[in-house]
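Each residue of the sequence shown is one higher than the one before, counting from 2 in the numbering used here.
What the hints contain is simulated information worked out from the structure, not anything from laboratory work.
Beta carbons: idealized from backbone N, C-alpha and C, even for Gly.
Incorrect hints may appear among the rest.
[What the hints assert, rightly or not] With beta-carbon atoms standing in for the labels, derived distance ranges:
{"#": "1", "residue 1": "E84", "residue 2": "Y58", "range": "21 to 31 Å"}
{"#": "2", "residue 1": "L66", "residue 2": "A39", "range": "17 to 27 Å"}
{"#": "3", "residue 1": "L27", "residue 2": "R77", "range": "45 to 55 Å"}
{"#": "4", "residue 1": "P56", "residue 2": "E26", "range": "40 to 50 Å"}
{"#": "5", "residue 1": "A39", "residue 2": "A70", "range": "37 to 47 Å"}
{"#": "6", "residue 1": "M31", "residue 2": "Y58", "range": "22 to 32 Å"}
{"#": "7", "residue 1": "D15", "residue 2": "E64", "range": "42 to 52 Å"}
{"#": "8", "residue 1": "F35", "residue 2": "M63", "range": "26 to 36 Å"}
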Amino acid sequence: MAQAVNVNFRMDADLKRSMEEACSELGMNMTTAFTIFAKKVSRERRIPFDVSVDPFYSETNMEYLKQIARDVSEGRAHFAEHELTEVE
Numbered sequence: 002m003a004q005a006v007n008v009n010f011r012m013d014a015d016l017k018r019s020m021e022e023a024c025s026e027l028g029m030n031m032t033t034a035f036t037i038f039a040k041k042v043s044r045e046r047r048i049p050f051d052v053s054v055d056p057f058y059s060e061t062n063m064e065y066l067k068q069i070a071r072d073v074s075e076g077r078a079h080f081a082e083h084e085l086t087e088v089e
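Work out the full structure, taking the sequences as your base and the hints as a guide.
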């Protein structure tokens, strides 16, 4: 076996706790999880999952949603039924 080395990086404390819990549920620790990730990246020469930005959280959409929230809170919102609305 090759000599083991330490790798250090920063992570949000809540994210670390969440990952530790998930790893524990999977029967491993974070070191094992990161080692699996590193081996897969090394073998495949790619990130082993899709990395993308959810368009829902785009700056344009967030501003649009904030404006709608302002309109609702200020009584300027106008709502209308459409074909996807179920009326009981």
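*Between P56 and E26, is the Cβ distance one that fits in 40 to 50 Å?*
Check failed, 30 Å falls outside 40 to 50 Å.
_A range of 42 to 52 Å was offered for this pair. Does it hold for the Cβ distance of D15 and E64?_
violated, 27 Å
*Evaluate the given range 37 to 47 Å for the C-beta pair formed by A39 and A70.*
holds, 43 Å
*asked:* Within 21 to 31 Å: is that where the Cβ-Cβ distance between E84 and Y58 falls?
replied: This hint holds: roughly 27 Å between Cβ atoms.
*Go ahead and decide if the range 26 to 36 Å is satisfied by the Cβ distance of F35 to M63.*
Since the Cβ atoms of F35 and M63 sit about 32 Å apart, the hinted range of 26 to 36 Å holds.
_Consistency of beta-carbon spacing, Y58 to M31, with hint 22 to 32 Å_ = holds, 26 Å
*asked:* Within 45 to 55 Å: is that where the Cβ-Cβ distance between L27 and R77 falls?
replied: Roughly 49 Å apart at Cβ, these two residues keep to the hinted range, so it holds.
*Do the beta carbons of L66 and A39 sit within 17 to 27 Å of each other?*
Once the Cβ atoms are compared, 38 Å apart, the range 17 to 27 Å for A39 and L66 is violated.
The structure is inconsistent with the numbered hints 2, 4, 7, although it conforms to all the rest.
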